[in-house]
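Trainee: Sequence:
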Amino acid sequence: MGVIRILRRSFLLLLLLSESIGSKKYSPSSNGDQKLNECKRCKILTESFNHWLDKTSRGKYEGGDAAWEEAKLKSYSRSEVRLVEIQEGLCSELKIHQDACYAVAEESEQVLEKWWFDENSVSLDLYTWLCIETLQQCCPNNHYGLDCSPCPQDKNNKICAGHGKCDGAGTRKGNGTCICKNGYIGVICDECATGFYQTSDSTCKVCHKACNGCSGDGAHACEACNAGWVLQAGVCVDVDECTSSVCELHQYCRNGEGSYNCYECDTSCNTCAGEGSSNCTTCDPSKVLWFGMCIDNELKQNILATTYLRVALYISLIIINLFISRRGPISVASIVILAVAVFIYISERNLNISTMDILWQTGK
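Here the sequence shown stands for residues -22 to -1, 1 to 342, numbered as in mature numbering (1 follows the signal peptide of the UniProt record, and there is no 0).
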């Protein structure tokens, strides 16, 4: 009976294995799996295997004479039953690169079984054994190339001085060249690029925008000044290009740090000092310049006439207010004074040019 039981269980194991193998014939899809290098694909597989190794860590034989099976067969921790369970779940938990994982699992099936049943591999990390030593698709950390040569280090054993990454690190690819971060140059990224300076902690920081090369922070540490800046008392200061005629006739100048920009004047202006219709400096012969605006003389006279009428209205309201304050109750007078003040305030606020400014300009 014991022989029959063993044969029956062996048949079931083979059946499970055949089903799991037959149902997982996958090829990498076009969702980014084809861009994965061999090392990355192998690592994804080992991570999934370890995931299911942990998921099945509490499993055990079910049914039959468990005590007899534990005694006669391998323990569950390295049993064929557990391997089948792992293989059935392998890669299924992944949200991305699942097809790539299935493909590598199929290619590495026999190699994985060798690792699983080899007594000497129990203590070996699967990633190291499979990807680095057996398939030779990866290298240890901070190693690169076919021979897994060490990546370049500085005197403190920092890869690329801690300011870059080693080309091909961890894979059998690449040439080990340091790919430096922005601001760093040199074989091991231990020097500062042009436009950067080195701090006391050996990091490179960008120079002030005024500097064409620098020894430290700020415009006072410049080795030379960039265009648009000039050296004064050891400091690079901004040149105000707008003090000279750098723009065309119908444009105005706006200065910025190290540069300037020219903008078109308002169409009503001949020349101007800024944006809008109230910053004109000269006008066409048919217009007159008034409060920075180029307007018809007729419009100017209409504005003056309206202003005089508004002044007359203000004076009339003030006289009425004085009359009421002398003859009427104090409460009524206060309300009238407040109403007149609010009216004048709102009227003046809505004007482009205040009444006082017009009267002052006219009186000159």
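Check before you lean on any hint, since a few could be wrong.
Straight-line distance between alpha carbons at most 25 Å, and here's what the computed DMTMM-like set of lysine to aspartate or glutamate pairs gives [what the hints assert, rightly or not]:
no.: 1; residue 1: Lys136; residue 2: Asp179
no.: 2; residue 1: Lys143; residue 2: Glu84
no.: 3; residue 1: Lys133; residue 2: Asp179
no.: 4; residue 1: Lys13; residue 2: Glu63
no.: 5; residue 1: Lys13; residue 2: Glu84
If you're looking for bench data, these hints aren't it; they were derived computationally from the structure.
Trainee: Look at each hint and say if it fits the structure.
Mentor: Each hint, compared with the structure:
no.	hint	in the structure
1	Lys136 x Asp179	holds (14 Å)
2	Lys143 x Glu84	violated (33 Å)
3	Lys133 x Asp179	holds (14 Å)
4	Lys13 x Glu63	violated (30 Å)
5	Lys13 x Glu84	holds (19 Å)
Going down the numbered hints, you'll see the structure goes against 2, 4, while the others check out.
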